[in-house]
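Colleague: Below are the chains, spelled out letter by letter.
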Amino acid sequence: MTAVPTSAAPNTEGDVATSAPDTAPATTTVVSLVPGHGDDTHAAGGQTGAHGAGDHTTGTVGTTEHAKDHGSGGLPQLQTEHWAGQIVWLLIIFTVFYTLMATVFTPRLRKVISNRGSTIAEDLANARANRDEAEAQAKDAAAETAAAHTASRKLAAEALARSNAEIAAQTAAEDTKLNARLSEAEARIRAARDTAMAHVTEIAGETAQVLVEKLTGKPATAAALKSAFGKVS
Amino acid sequence: MADPLHQFQIQKVAELPSFTVGGVVVDMSITNSVLAMMIAVSVTLLFFTLTTARASIIPGRGQVMAEGLFTLINDMTESIIGHDGKKFMPYVFTLFLFILSCNLLGMFTYFTATSQVAVTVTLAAMTILVVIGVGVLSHGLGFFKMFVPSGVPWYILIILVPIEVIAFVMRPVTLTLRLFGNMLGGHIVLKVFAGFIVTTAAMGIGGWAIGLASLSTMVALTTLEFLVAYLQALVFAVLTCVYLGDVVNIGHH
Chain A
1 MTAVPTSAAP
11 NTEGDVATSA
21 PDTAPATTTV
31 VSLVPGHGDD
41 THAAGGQTGA
51 HGAGDHTTGT
61 VGTTEHAKDH
71 GSGGLPQLQT
81 EHWAGQIVWL
91 LIIFTVFYTL
101 MATVFTPRLR
111 KVISNRGSTI
121 AEDLANARAN
131 RDEAEAQAKD
141 AAAETAAAHT
151 ASRKLAAEAL
161 ARSNAEIAAQ
171 TAAEDTKLNA
181 RLSEAEARIR
191 AARDTAMAHV
201 TEIAGETAQV
211 LVEKLTGKPA
221 TAAALKSAFG
231 KVS
Chain B
1 MADPLHQFQI
11 QKVAELPSFT
21 VGGVVVDMSI
31 TNSVLAMMIA
41 VSVTLLFFTL
51 TTARASIIPG
61 RGQVMAEGLF
71 TLINDMTESI
81 IGHDGKKFMP
91 YVFTLFLFIL
101 SCNLLGMFTY
111 FTATSQVAVT
121 VTLAAMTILV
131 VIGVGVLSHG
141 LGFFKMFVPS
151 GVPWYILIIL
161 VPIEVIAFVM
171 RPVTLTLRLF
181 GNMLGGHIVL
191 KVFAGFIVTT
201 AAMGIGGWAI
211 GLASLSTMVA
221 LTTLEFLVAY
231 LQALVFAVLT
241 CVYLGDVVNI
251 GHH
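Protein chains in written order, with our numbering: chain A, 1 to 233; chain B, 1 to 253.
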């Protein structure tokens, strides 16, 4: 620090870059809005010297020395007299910001997003339930159709069988009736033939008698006719 | 050419009294950095108020954006930290939105609060304190098992434990410097190229060509910076999750 006054003194050129850190300790008495200009530099330099010559009790000077070690190019950010105010304000602003974010906006956003998630899940579940129901109904309908198919097929088969049976029964009845009539007719025919055959002998005997009478003049005896028939047949 | 560092200069917007704590003077005046943080956070809060006020199952455009950001961080915390991720989600979400809004506000020419070391160092310190707090609260002294990998012979542990400790200590430092460096570098480059355009355009026809080249570079760099603005916020959030996951799942790996 002992070198500060000597280095600040020839700085009348107003070199901003090198004089900027020199003005840094001027916090309490000199408030320099734009440091490093002419008279301010002198005053600040003097102030620095006063501080530098004395014991380094104040924290500002201590931190300024620290900043000086780093401050090769005289960055305005390293003028530590503005640090404390900025830090305190930053802590205040950040606390307010954090409190509002943590208590108002984050829960609000989280709620909206989770609400959306649950709404979507609910809708999906509903849709899925509807689909399942529809599928079940479709399955039921298919089963009913199949049942109706089998029932109607059974019915048709039964009807067919019944009509077949009826037809068979009727046919059988007709057959028996016809057979009866047939056998009756056959019997009649047989009777007629038998009768006819019985008459044949009689007719042949009469014819033979007539023939014999005409040929011989006298009727033939029944015995003679009988023996003659026996020879013929 | 304008000083490319001037954009990082803290300037007071409204004077407020200062107080001293332990010898440190805390000037509560509202500076451009503080105002930028206030605007960024207010705009973010307004955005979330408008988009989630009448949140519905079927979201509008704004709600889709808000939900997209929420889902991004929510999925990240759950996939990296695991089952307990939900607890830390608001912190990571706030951190992400804070950095993202400050970075993006910086892209609209006012002031980039995240290019201030004071801001990034505070964010990193906050994060590592949360990490240590969570580790100690949930594991007690078992928290220190984090530095002792299981199943390693003692003679390797002698070397390994210091490395683990250093790696852990370096975490907030890297968090600080990564965000700070990206924002600082990006904005300096933008300012330098913008300065080129003005300087070269004043040189006549020959300068116009250079100016035009600078302008196209500037456009390309601006899009790149938008990417960086988002990416750095995401990286900070991812690393916070990783560090939280490390302490939440001590002994699980």
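Among the hints, erroneous ones may be present.
[Claimed, not checked] 30 angstroms max Cα-Cα, derived BS3-like pairs, lysine-lysine:
1) A:K111 x B:K86
2) B:K86 x B:K12
3) A:K231 x A:K218
4) A:K111 x B:K87
5) B:K12 x B:K87
6) A:K226 x A:K214
Source of the hints: derived by calculation from the structure; they are not laboratory data.
Colleague: Does each hint hold? Answer for all of them.
Modeller: Right, here's what the structure says about each hint:
no.	hint	result
1	A:K111 x B:K86	holds, 13 angstroms
2	B:K86 x B:K12	violated, 40 angstroms
3	A:K231 x A:K218	holds, 21 angstroms
4	A:K111 x B:K87	holds, 15 angstroms
5	B:K12 x B:K87	violated, 38 angstroms
6	A:K226 x A:K214	holds, 19 angstroms
In terms of the numbered hints stated before, the structure departs from hints 2, 5, listed from lowest to highest.
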